[in-house]
Each structure stands twice: as C-alpha cells, then as structure tokens.
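Asker: Below are the chains, spelled out letter by letter.
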Amino acid sequence: MRYDVQNNEIRLTDLPDEHGHFGPYGGIFVAETLMEPLDELRVAYERYLSDPEFLAELDADLQHYVGRPSPIYHAERLSRELGGAQIYLKREDLNHTGAHKINNTVGQALLAKRMGKTRIIAETGAGQHGVATATVAARLGLECVVYMGEVDVARQEANVYRMRLLGAEVRSVASGSKTLKDALNEAMRDWVSNVDDTFYIIGTVAGPHPYPAMVRDFQAVIGREAREQMLAMTGRLPDALLACVGGGSNAIGLFFPFLEDRGVALYGVEAAGDGLETGHHAAPLCAGTPGVLHGNRTYLMEDRDGQIIETHSISAGLDYPGVGPEHAWLKDSGRANYVAVTDGEALQAFHRLTRTEGIIPALESSHAIAQAIKMAPTMDREQILLVNLSGRGDKDMHTVAAREGMKI
Amino acid sequence: MSRIAAVFSALRDQGRQALIPFVTAGDPDPATTLPLMHAMVEAGADIIELGVPFSDPMADGPVIQRASERALRHHIALHDVIDMVRRFRETDQATPVVLMGYLNPLEAMGYETFAEAAAEAGVDGVLTVDIPPEEAATFVPAMKSNGIDPIFLLAPTSNRARIERITATASGFVYYVSLKGVTGAGNLSLDSVRAKLAEIRSCTDLPVGVGFGIKDATTAAAMAGFADAVVVGSALVSRIEANPDDVQKAVAEIKALLSEMRTAMDAD
Ligand SMILES: Cc1ncc(COP(=O)(O)O)c(C=O)c1O
Chain A
1 MRYDVQNNEI RLTDLPDEHG HFGPYGGIFV AETLMEPLDE LRVAYERYLS DPEFLAELDA
61 DLQHYVGRPS PIYHAERLSR ELGGAQIYLK REDLNHTGAH KINNTVGQAL LAKRMGKTRI
121 IAETGAGQHG VATATVAARL GLECVVYMGE VDVARQEANV YRMRLLGAEV RSVASGSKTL
181 KDALNEAMRD WVSNVDDTFY IIGTVAGPHP YPAMVRDFQA VIGREAREQM LAMTGRLPDA
241 LLACVGGGSN AIGLFFPFLE DRGVALYGVE AAGDGLETGH HAAPLCAGTP GVLHGNRTYL
301 MEDRDGQIIE THSISAGLDY PGVGPEHAWL KDSGRANYVA VTDGEALQAF HRLTRTEGII
361 PALESSHAIA QAIKMAPTMD REQILLVNLS GRGDKDMHTV AAREGMKI
Chain B
1001 MSRIAAVFSA LRDQGRQALI PFVTAGDPDP ATTLPLMHAM VEAGADIIEL GVPFSDPMAD
1061 GPVIQRASER ALRHHIALHD VIDMVRRFRE TDQATPVVLM GYLNPLEAMG YETFAEAAAE
1121 AGVDGVLTVD IPPEEAATFV PAMKSNGIDP IFLLAPTSNR ARIERITATA SGFVYYVSLK
1181 GVTGAGNLSL DSVRAKLAEI RSCTDLPVGV GFGIKDATTA AAMAGFADAV VVGSALVSRI
1241 EANPDDVQKA VAEIKALLSE MRTAMDAD
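Just so you know, the protein sequences line up as chains A and B, in that order. Residue 1 is where the first sequence starts when you use the working numbering, and the numbers rise one by one after that. Residue 1001 is where the second sequence starts when you use the working numbering, and the numbers rise one by one after that.
Chain A on its own, in the form it takes in the complex (with noise of 0.2 Å):
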C-alpha cells in the first residue's frame, strides 16, 4: 500500500480555510440571498461546535438517542474464508434509524433549535437521510419537509412511508433527472425561499461552505470511535480504512479522525454502476472532472458542456454526480485512494456478507465491503481493514428481490 501526501506542510486537519476551501476545492458558490444565510449558519456553527453546554447535549443525544457508541465487529468468518487480512466492521448500521446518517441530523437539528428555526427541510436518495431527518425533526416538534427525486420515491419506497409516519411531508420531485442531485436542487429553492424560518438540513459532506466542514465534524464521532475501538481491540491502528462514497459523509467521518494517522490507508468507494467502461456510473472521482454544483467546487459527473450528466448505482445512495470537496482534495493529494466498484460486485458482497456473518447491509455499504472482499486475499492474516458498514439493508429488500425477479 502507497500513499504520498505532496503538501506535508498543510496539516490535512485543519482545512477547510476560512472560506470553506479544501486547496482549490469547496467554497461558496450560491446566489447571493443565501450568501447571509449561510454566514449566520457559520457563525452559529463555530461557536457551538466550541460550546460545552452544546456538545454535552449533542453527546447524550448521541449516546441515548442513536445507540452511540456503535459496535466494531470482526468479521472472523468472512475473514478466514478470504484467506487474508482481517475484516473489522464499524457498526453504523445499528444507530437509530439505521445508518449513519442520524449522527449528523441529530447535530444540525440541535443547532437549529438553538437558532430559533422552526421549519427543517432536507433532501434525501435512500431515504435513510430523509428518515433521520424526519426522526429528530419529530423529536423536536419541528415543521419537516422532505425533498426526493421521483425515480427515488418509487424505489425507496418504505423510507417514503417511514417518513410519512414520522410526520414529514415527502415532496417528489420531478425536474431534472429526478433524483438525489434535483431533490437538492429543489431543497435550495425551498431555503431561499423560506431563509427566515427554515433550517435545510443537507445530508452529506457538500453544498456551500460551512455544510461540507459541519457534516464532517457530526460525522467525525465515527472514526474517532473506531480509533479508540481498534486500539483497545487490536492493540493497534488498522492498515487500511473502507468506506463507500456517495456524497462522502461516512467516509469522510471514518477518515477525518485518521488522517493525520499516515500509516493508515483510507479507500474510498464509489459507484461504478454497470461499469466505468461504460459511463453509467456514479463515480466522479474516478472518472470525473473538476467543475461547480450545488454551491461547491469538486469533481463531477459532468459533459464537455459543463451540463451535468445522469448518473447511475444500484445503490439511491450512492447516485449523485457531485462529492463532497474534501475528497476532492484528499484525492488530489494522494492521501485516499479512491475506487469503484459495480452493481453487480456490490450485490455479491450483500449476500456474501448476509450468508457468511448474518448482517444485512445496506447496498451503499456493500461497496465498501465488496471491496474489501477484493484486497483481503492480497494481504496477510496479520493485517487488518476496518470497513464502515455504513447502513443495514432492511430498506433494499425491495431492490435486490426486484433484480432476482422476485417481487415482495
């Protein structure tokens, strides 16, 4: 394994700079009405995230709330079939509501309370983030409103009726190519909309500055956990860190804690769909090109254009032609590796993983374990990846039956 980091004088813990860039990556790139917004939503966030009174509260929540600290598992059966380094997984599938997403909605709807802000919206791909939004916007007696692309809504249906329990409104949207990257598109509009009373509640490490550096920092429990975890379970730091990469918010909480840590390797997965080879894909840092989208500068699934193109993945998730800026900048610099994986291999993993250890996982997760699956057997048993299981797959039932030719 190989990792050079050219800019050894940054250290990578402390971007993004004032202005929300990650070297020429992330940044603030909206209309002008959202530019004070976005300031004020900054200045709260600085001084909470450095109030003991917030992050106490944030941390019962997390602890009595989610289920926190969530479980590192090792998957020893799995691991002794591959014959190679050893599989540890961080069990974000076990939070409340079932991903990791609620680490980051319980952190922002807190902040938002805190604000004065009486209406929370969100957009949401799977689902799960849509779901965790809903959850703590019901716990705390706010007005919600979901944004899903309709081609989501159809395929994730049971998030849709979740959260329709939970009390949100789910709107469906159907511009574009009515997914995750237009359900965004059409939460900004709401905001702009409805700054004076509304909190938008983004689900992953993009949009505009501070979105990007918040997210990462509610997600950052994840890794330094497993810090901990790995230190107390295996007397050492793993060789290697997995996360699947959609928009980037698990991967970037596993890794941030890390990142200073240069003898760990970090892998983040993408979505290559049906292939690379063939464009529908929906991976952007492995075939994609630098450009500006919902308020951020990073790589895109993007034509020679500047229009942004259709992606494809499995996984609802995962299907988002954007990724957060620090990836952008973790690539760049040589200090993640990022890869990608097919429908067809992630599908493997989920039954692999469902028949080998009797975890479920999600189909986002099980990029990331597909590509564990891949470089265990090239490793020594003494060696060790931790893999973030980042969600459990109870909400893909529907999907994996449907590509079976079975009908639930």
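Just so you know, these hints were derived from the structure itself, not from any lab. Every residue, glycine too, gets a C-beta built ideally from N, C-alpha and C. You may find that some hints are simply not true.
Claimed, not checked - Counterexamples of contact, computed for chain A against chain B with all Cβ distances above 12 Å: (1) 27; (2) 31; (3) 34; (4) 56; (5) 157; (6) 164; (7) 181; (8) 186; (9) 191; (10) 224; (11) 279; (12) 297; (13) 305; (14) 312; (15) 381.
Said to hold, decoys possible - One-sided excerpt, in silico: chain B residues whose CB lies under 7 Å from chain A: (16) 1077; (17) 1130; (18) 1133; (19) 1153; (20) 1164.
The hints should help you fit chain B with the ligand onto chain A, whose structure is shown.
Answerer: Frame of chain A; chain B with the ligand shown alone:
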C-alpha cells in the same frame, strides 16, 4: 463607452428606464431565439438577457427550469449561445446582450476562452447566478479585460457591507433580486424593494435593475418608479410554454406583453 453604459446614459437623459426581457436561448428550439430577440427589441426592449441553459438551475422556479430542459433537449451549449449573439449582431449593433446562467458551463469552457469568444461575438455582460464576488478573483478580471461587464446580484438579505463589496466589483449595472425566492415567485413587496433600493443607491452610482416576480405592466411601471431597469423573465417564458405547437403565437404574445410594459413604464 460600452453598449450597456450607452443605453443607460441615453435613457437617463430621457428620464426613462430600461426594459430587460429574459428568455432562455434555444427555447423551445434553436431557430426561435434569433427572431425572438429581434422581436423583443421591436417591442421596446433596451437590453436582452439571454439565458444559458443549465442542467441544474438551482435559483430558478419551475417556468425557467422547464425552459432550460426544452433547450437542453436540443443540446444547446454555451458556444451555441455565443453563436446566436454573433448572428444577432449582424443586424443589431446597438442593443446590449447579457448572458445569464450558472457557473459550471463557464468553468468547463474556461473563463478566458469564454470571455474572448463572447466579446468577439458581441456579448456585453455576463450574470452568473452562483458566483459571489468572494469566489470571483480570477473571474472578474477575465471578464473585464475582455470588455465584458460582470453583473452581480444583490438580494433582500444583502447587508450594507455586502452591498458595498458587490457594487465595487460589478460593472455595467447591478441586479437587485426583488424577493427571497426563485425566479417567477409571487411574493413581491414594492415597499421593501423601494427601501432596499434607496440603501443600494447610497452605495453606488451604477444603474440598478430589479427582477424576479415581475409579471405584468402595472408592476413593471411601479418598479420603474424607483429602479433604472426592470427585468422580466418567467412571465415571457411562460408564453412559450403556453403555446407548445405555435411558436409564432408565443412570440406575438411575448411582444404584446413587452409593449404593454413599455407603454406603462413610459407613461409614468
Ligand atoms: C447507508 C448509506 N450509506 C452511504 C450513503 C451515502 O452517503 P455518504 O457518502 O454521504 O455517506 C447513504 C446515503 O443515502 C446511505 O444511506
């Protein structure tokens, strides 16, 4: 003097305000745009805002989103829009044209390449919705050094420091977004626009245009009472949508609405 400055200076002498129609280039098809531009000038337009279609028009309401989608079905790219302006200039050297859109198509082409091609074709200004001055350190010089006015938005949420910063960066004119919302929204308040415009004028001598949510002649005339320019977009574009099988009729309705606005604005 630039074409934009010349138009505002002539209007100021006459005590009139500029009428600025917005249409999306290539909507509903590429052949319509050039005749539509000329028709709008005939109906009294002083400056034309030509929308560059984008796949993710985050600041636009449904009407202009759909216009973008119609144009993109014909694969209208930034270089096609520049070509349309070049052809417009063959017969109209006086009416300024401002390209309005989002940053990514300009990033893909490269700021300098874009500015040179646009200037050569006769583009006068560029309004990029999603680039605030904070991110425009290379963008603004690339435009200005090619004689293209970078036009920036001001909003109800812009505080005095921002107004000062933005008006110091912009040239040509500034564009005040009259409401908190997307294009074509319906929550316009004349009183709050009037108050904000007074604040903006205390910071700059640049002409101030007002747009977003201006749908009829009465509102246009009222806005002309305190702004230097009135921008109308969704109300025009909706005529194209209302006549899917009859472009001639859409153009005629757009002309009629502009003439009505022109008459009402000039009557005050
Ligand atoms: C279980 C799960 N993992 C991963 C993702 C991808 O998001 P991110 O890359 O921000 O972690 C999602 C998004 O919906 C998800 O539901």
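Asker: Test the statement that residue 34(A) is away from the interface with chain B: the closest C-beta pair must be farther apart than 12 Å.
Answerer: violated, 8 Å
Asker: Does residue 1133(B) hold up as a contact with chain A if the rule is Cβ-Cβ below 7 Å?
Answerer: violated, 9 Å
Asker: At 12 Å, judged by beta carbons, does residue 381(A) keep clear of chain B as stated?
Answerer: About 48 Å separates residue 381(A) from the closest Cβ of chain B, which puts it past 12 Å; holds.
Asker: Regarding the assertion that residue 27(A) does not contact chain B, is the least Cβ-Cβ distance greater than 12 Å?
Answerer: Violated: least Cβ distance 5 Å, not greater than 12 Å.
Asker: Is the interface hint for residue 1164(B) satisfied, with its Cβ closer than 7 Å to some Cβ of chain A?
Answerer: violated, 14 Å
Asker: May I ask you to check that residue 164(A) keeps its beta-carbon over 12 Å from the closest beta-carbon of chain B?
Answerer: Its Cβ never comes within 12 Å of chain B, the nearest being 24 Å, so this holds.
Asker: Hey, does residue 312(A) actually stay past 12 Å from chain B on C-beta?
Answerer: holds, 16 Å
Asker: Closest CB-CB distance from residue 186(A) to chain B, is it above 12 Å?
Answerer: Since the minimum Cβ distance to chain B is about 9 Å, residue 186(A) lies within 12 Å and the statement is violated.
Asker: Over 12 Å to the closest beta carbon of chain B is the bar; see if residue 279(A) clears it.
Answerer: holds, 16 Å
Asker: Minimum Cβ distance from residue 1153(B) to chain A below 7 Å?
Answerer: holds, 4 Å
Asker: Going by Cβ atoms only, is residue 1077(B) closer than 7 Å to chain A?
Answerer: Constraint on residue 1077(B) satisfied, holds at 4 Å.
Asker: Take a quick look at residue 157(A) and tell me if its Cβ sits farther than 12 Å from every Cβ on chain B, holds or violated.
Answerer: Nearest chain B Cβ is 25 Å from residue 157(A), so the label holds.
When held up to the earlier numbered hints, the structure conflicts with 1, 2, 3, 7, 8, 9, 12, 13, 18, 20 and fits the remainder.
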